[in-house]
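Counting along the sequence shown from 1, when you hit position 87 you're at 87 in the numbering used here, and nothing is skipped either side.
If you're looking for bench data, these hints aren't it; they were derived computationally from the structure. Keep in mind it's a predicted model, so treat the numbers as computed, not measured. Check the hints yourself; a few may be wrong.
[Unchecked claim] What follows is a list of derived Cβ distance ranges for each label pair:
#1 Leu-142 <-> Ala-114: 16 to 26 Å
#2 Leu-108 <-> Leu-40: 31 to 41 Å
#3 Gly-45 <-> His-85: 16 to 26 Å
#4 Asp-7 <-> Gly-100: 36 to 46 Å
#5 Gly-93 <-> Gly-45: 12 to 22 Å
#6 Ser-124 <-> His-85: 10 to 20 Å
#7 Ala-117 <-> Ala-62: 18 to 28 Å
Ideal placement from N, C-alpha and C gives every residue a C-beta, glycine not left out.
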Amino acid sequence: HGPRQRDRVHLLLRQLQASGAWPPATSLAPVWERVQAGDLLVALGDGFDEGGIVLLERLAAARREVLHLQLLTAEERDFPFTDGHRFRDPETGDELLGDGRAIRAEYLARFDTAQRALQARLQSSGIVHATGYLDQPLDQPLRALLGAGGGA
1 HGPRQRDRVH
11 LLLRQLQASG
21 AWPPATSLAP
31 VWERVQAGDL
41 LVALGDGFDE
51 GGIVLLERLA
61 AARREVLHLQ
71 LLTAEERDFP
81 FTDGHRFRDP
91 ETGDELLGDG
101 RAIRAEYLAR
111 FDTAQRALQA
121 RLQSSGIVHA
131 TGYLDQPLDQ
141 PLRALLGAGG
151 GA
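Please construct the entire structure, taking both the sequences and the accompanying hints into account.
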């Protein structure tokens with residue numbers, strides 16, 4: 001365990017690439033088989049995939065201890081765009097042209113609403129949740145997640 005397990009996880013994570021949506025529930029059967037009741041599962045992601053959140057809820061309902069570490073970019077949090085911009089979803093390749101200044105207020109309001117809804121949803125399922133941003137030290141949300149009660 002220890003460093004060897006950490007290095008194994010690191011190698012596995014390096015092979016992954018964000019793309020598309022979560023696989024269908026039938027493809028996730030190995031998760032159910034490996035994560036037993038009473039086990040701890042730490043999920044890392046942006047929290048925007050419905051299929052992923054449903055899986056976490058199902059695992060929590062089946063007595064797995066589930067922690068969700070949401071990782072977001074500073075741009076998602078601050079929306080610093082002020083001019084015309086081509087927004088590209090790296091997972092789907094979808095693009096949207098927009099004037100940052102014109103859509104900033106609506107984006108920030110919708111983002112805040114979505115974040116609050118996600119936090120409430122996870123909390124209602126007993127899932128401890130913390131949010132970190134890529135422009136901040138990674139240990140910050142980890143401390144919130146693993147500290148007394150978690151939730152940030």
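Now for the hints, and whether the structure bears them out:
1. Leu-142 <-> Ala-114: 16 to 26 Å: For Leu-142 and Ala-114 the Cβ distance comes to about 23 Å; the hint holds.
2. Leu-108 <-> Leu-40: 31 to 41 Å: 34 Å, holds
3. Gly-45 <-> His-85: 16 to 26 Å: 24 Å, holds
4. Asp-7 <-> Gly-100: 36 to 46 Å: 41 Å, holds
5. Gly-93 <-> Gly-45: 12 to 22 Å: 19 Å, holds
6. Ser-124 <-> His-85: 10 to 20 Å: Given a distance of about 36 Å, which is not inside 10 to 20 Å, the answer is violated.
7. Ala-117 <-> Ala-62: 18 to 28 Å: 23 Å, holds
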